[in-house]
Amino acid sequence: MNDYFAKAAVTWDESPVRAAMSMAFYQQVLAEAPDLSGLRVLEFGCGTGSLGLRLGLDHGAHMIFLDASPAMFEVLTRRMAESGIKNASAYLGELSALPASAAPVDAVVSGMAMHHVADVPALFRAFRQLLSPGGHVLLSDLVTEDGGFHGDAPAEHNGFDPEQLAATLAACGFDVVAPRVFHILRRPDSSGQPHEYPIFFLAARAV
Numbered sequence: 156m157n158d159y160f161a162k163a164a165v166t167w168d169e170s171p172v173r174a175a176m177s178m179a180f181y182q183q184v185l186a187e188a189p190d191l192s193g194l195r196v197l198e199f200g201c202g203t204g205s206l207g208l209r210l211g212l213d214h215g216a217h218m219i220f221l222d223a224s225p226a227m228f229e230v231l232t233r234r235m236a237e238s239g240i241k242n243a244s245a246y247l248g249e250l251s252a253l254p255a256s257a258a259p260v261d262a263v264v265s266g267m268a269m270h271h272v273a274d275v276p277a278l279f280r281a282f283r284q285l286l287s288p289g290g291h292v293l294l295s296d297l298v299t300e301d302g303g304f305h306g307d308a309p310a311e312h313n314g315f316d317p318e319q320l321a322a323t324l325a326a327c328g329f330d331v332v333a334p335r336v337f338h339i340l341r342r343p344d345s346s347g348q349p350h351e352y353p354i355f356f357l358a359a360r361a362v
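When the sequence shown is numbered by our numbering, its final residue is 362 and no position is left out of the sequence of numbers.
Derived by calculation from the structure, the hints in this document are not laboratory data. Glycine is no exception: its CB is placed at the ideal position from the N, C-alpha and C atoms. Treat the hints with caution; some may be incorrect.
As the list claims (entries may be wrong) - DEER-style ranges, computed between Cβ atoms: (1) D307 with A175: 18 to 28 Å; (2) P353 with D307: 34 to 44 Å; (3) T232 with A308: 33 to 43 Å; (4) A277 with P254: 34 to 44 Å; (5) V332 with E229: 18 to 28 Å; (6) A174 with T232: 15 to 25 Å; (7) P254 with H350: 39 to 49 Å; (8) S170 with E237: 18 to 28 Å; (9) G347 with P171: 16 to 26 Å.
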């Protein structure tokens, strides 16, 4: 996976398709959790930090960035330095890379990262351990597709059935809001044919 992101990281933020999807997810996050000022927010699979930098700079969240790609992490740390963000920390690796001092957090946000996770239930249980009671989980990902989204690029899942993922989250100790499709990503599939990919939003609170 890191080989793919090493190549993609350089131009990741130049894609208007990604920018539109990121902005749509940002709006969903704020609709569900409008007051993030002073809250500790983990962005899991943060990539280059587009979402979390907005949440930290514009809404006062204390951001904890986490990504497993060294190339993405390099872009992230450069963007953090350029932005002047103060209320933030960044870690390279999986969830185990977080120090004990990172917990508890008040919210976990993650856009388009779950399909790269092999054991999603284990990750949800780990989120539950990290979160304060009542803390938010705010996710977006692909509705199940035929594999054309990634083609030869690495992914553990070809999207998800939103209701099934919601049930998995509920089984891991969360009160779940019904998932909803909030964005249609339009781009060619791996064969070059135009395709529409629905993106869903899933919100929950730790109980």
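- Item | Hints not upheld, ascending by number | Failing hints, ascending: 2, 3, 4, 5.
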